[in-house]
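Enquirer: Use these hints to put chain B onto chain A, whose structure you have.
Number of protein chains: 2
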Amino acid sequence: MRVLCKDIAGSNGQEVEVKGWIHRIRDLGGVCFIMLRDRSGMVQLVFESAPDVTLESVVSVEGTVQENKKAPDGYEIQVSTMKVLSRAAADLPIQVNGDPDKLGIEAILDNRVISLRNPKIRSIFHLQSNILAYFAEYLRSQDFTEIKSSKLIGSGSEGGTGLFEVEYFDRKVYLAQSPQLYKQTMVASGMERVFEIGAAYRAEKHDTPRHLNEYVSLDVEMGFIESDQDLMDLETGILKHIFGRIAEYDGSILEQWGASVPSQEALDHIPRISHDEAKAILSERLGKRVFELNPEGERELCEWALEKHGVELVFVNAFPRKKRPFYTYPDGMKTMSFDLLFRGLEITSGSRRINEYDMLVENIKRFGLDPAGLAGYLEVFKYGAPPHGGFAIGLERFTQKVLGLSSIKEASLFPRDRKRVAP
Amino acid sequence: MRVLCKDIAGSNGQEVEVKGWIHRIRDLGGVCFIMLRDRSGMVQLVFESAPDVTLESVVSVEGTVQENKKAPDGYEIQVSTMKVLSRAAADLPIQVNGDPDKLGIEAILDNRVISLRNPKIRSIFHLQSNILAYFAEYLRSQDFTEIKSSKLIGSGSEGGTGLFEVEYFDRKVYLAQSPQLYKQTMVASGMERVFEIGAAYRAEKHDTPRHLNEYVSLDVEMGFIESDQDLMDLETGILKHIFGRIAEYDGSILEQWGASVPSQEALDHIPRISHDEAKAILSERLGKRVFELNPEGERELCEWALEKHGVELVFVNAFPRKKRPFYTYPDGMKTMSFDLLFRGLEITSGSRRINEYDMLVENIKRFGLDPAGLAGYLEVFKYGAPPHGGFAIGLERFTQKVLGLSSIKEASLFPRDRKRVAP
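If you're matching them up, the sequences are chains A and B in order.
Read in order, the letters of the first sequence are residues 698 to 1120 in the working numbering.
Read in order, the letters of the second sequence are residues 698 to 1120 in the working numbering.
None of these hints come from the bench; they were simulated from the model.
This list has only true hints and no planted wrong ones.
Identical copies go unnamed one by one, so any copy, or any two together, can satisfy a pair.
In silico DMTMM-like pairs for lysine to aspartate or glutamate, Cα to Cα no more than 25 Å straight-line:
#1 Lys1116 x Glu864
#2 Lys1005 x Asp927
#3 Lys1019 x Asp1067
#4 Lys1116 x Glu1076
#5 Lys869 x Glu901
#6 Lys937 x Glu997
#7 Lys902 x Glu862
#8 Lys902 x Asp867
#9 Lys1019 x Glu997
#10 Lys1116 x Asp798
#11 Lys703 x Asp927
#12 Lys1020 x Asp973
#13 Lys817 x Glu1076
#14 Lys780 x Glu1053
#15 Lys937 x Glu834
#16 Lys1116 x Asp867
#17 Lys1019 x Asp1055
#18 Lys902 x Glu864
#19 Lys703 x Asp840
#20 Lys1116 x Glu862
#21 Lys985 x Glu1043
#22 Lys869 x Asp1114
#23 Lys869 x Glu803
#24 Lys869 x Asp807
This structure is a prediction, so every number in the text was calculated from the model and none was measured.
With the rest of the complex left out, here is chain A (with noise of 0.2 Å):
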């Protein structure tokens, strides 16, 4: 029966048999220390000489645990037999065992299903793991729905700029860039509430450390609010739930990358300014005129949250209305939307949408869009959708962020960028 790395100490004095990766060998002539990895941790393993094994090859090993102090974890395990399940080839294409500071972002890339081995990039995607479940955690708990649409559209929702095409037998459809047209349709069946855990594309050019072309959408969507503000304090509350879980289950992750969560208390400080008050604490923070908001500015902005309100989160709202979609429900020359900045980067955009008939085929018009060609959407609206609004966080940036990455590619597992599409 295999007892996992982390719960060798409750087997002290026992025979066990351990199975796992060889992560590391240390051979002192007279004795033969080897780290032992496997999905819980790592276990010193001693033999008397060494034996003929390469660095990660995968075995089954018994053994008898002991108590050790200068083991690390203080035990370690005599033993007695090993057997070789997976041979490694001695080539290893980059070191698994060291520090992955020191692997440029190219390696890591480019050797990906080796670099995956070591224990500190693996984290991010344990992590991740645990995101993704308390972000549909806290929104079930809040009565939303998770929904599943469909990621082949027959048309861009605005208007077919950076859509990557796809031969769909004798026709041409498009990935899509947002499940939020399917998001408010579902609103508007009567679901009220829901969410979606999906993946979205850009076909940008940019190739930058905050874009990839493929990335996973934490999307949520609510019927039934008065205005932006309510899409604000809801975001708050799946916040502080995400980071209170982390505070509580990952602290292990974050210490191996020196970060930290906001607290409980810095996240019922989240200041909310306008879109014209951020470019004016900009000019005033910068000494130039800011006209929008570029990575400088988000950056700024947090530095501003940080030092005014403590906490490294600011929501900016009432952009004008040229800047955001065609559905975005306006409040005079402005609407009622908002961008979430993390750290200096912005992880959410969101809005109330336009849910009356008139005016959102008055206002496709004013974008130069076709509302024949969005006639599908529109029938949505023509049969009775409640006010309502939503938004979308990304999952790579905001694990980026959370941990402190200097890349957004570090925080997928398989990134997709103009240059990369393997492995």
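Expert: Same frame as chain A, but now just chain B:
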């Protein structure tokens, strides 16, 4: 403060506000009854005279809750004021408040954004949302990590047939048929146990009640197994959990569809028969020689399982090598592979995978594929991979069979088939 329809009884005698859709209007002259629908259910509104409102309009209503034994659920609201939040056009393309069984599948799908307002149709997707939660919940409890892999791949894992082509900047990539190679990578990375919930694509031209060109795949992969028996054990555990939860929490949805789920006891007796045994059983029962499992055979085997073992499921394993993909672990001329049939339909395919580099290269060649094209994949196995295997459950097929839907397309919010790419 809004009260949901399901909570009306608790507000007897009080002034409440309710919000929702006008589901049904019954004007009796001196009094008008309106059924209001929200995400939680319905409530009867009582007006002295018919208000100016159309079916499916969204309203906000204030009034007093009164007990009335004749009202559905025993309570109704005497309305004092009603505000129309969004007025529905009078020409509803299909009837929302009728029996969906009277609508054909084409009418339901052609008018998807309206047909989803029917509570019985929408209940399919409330159940599906819960199935997603139950699936993930069980796997997390068994120490599985959730992954999100790319759906854009450089080449097909199974030779390039049946793939949708995507224009990706200046090159062509394909929509993934399965995350299997990525699941395997993650097992070999040391995660050992992973699952993924994601879209899968099949560019197959058949248009049947059991096929979709885009579906949600519930994927599982586990390391350190001995054979496919371990995988069937795991899948049985998953099914016991999902069916147990459905029985506990989703009884009202089952009731609407006249459906039931297998009992926990029945699930302990799912037979496991070889492909050869399956053919022998079918030959005897159908009175003709049977060479492969076709839809007729799948239905008949489930009949057999119900008669002989009291359960509507059957595992078929030990498929011949030529019937399974190149990565399937051989066992003489057979393979360590299986299908799970449920109520006449294959809902799962799984196998132990080849984890030995040389055996994998040999098998790739045996299948007429080029190892060079799979170099990135092969690297996983060159550097130590534990014995492992996995399987996938099709979410829509599973939902279809739980509720007894006549077509799989009813179990997809926005289904994609050869002809349908909208809404």
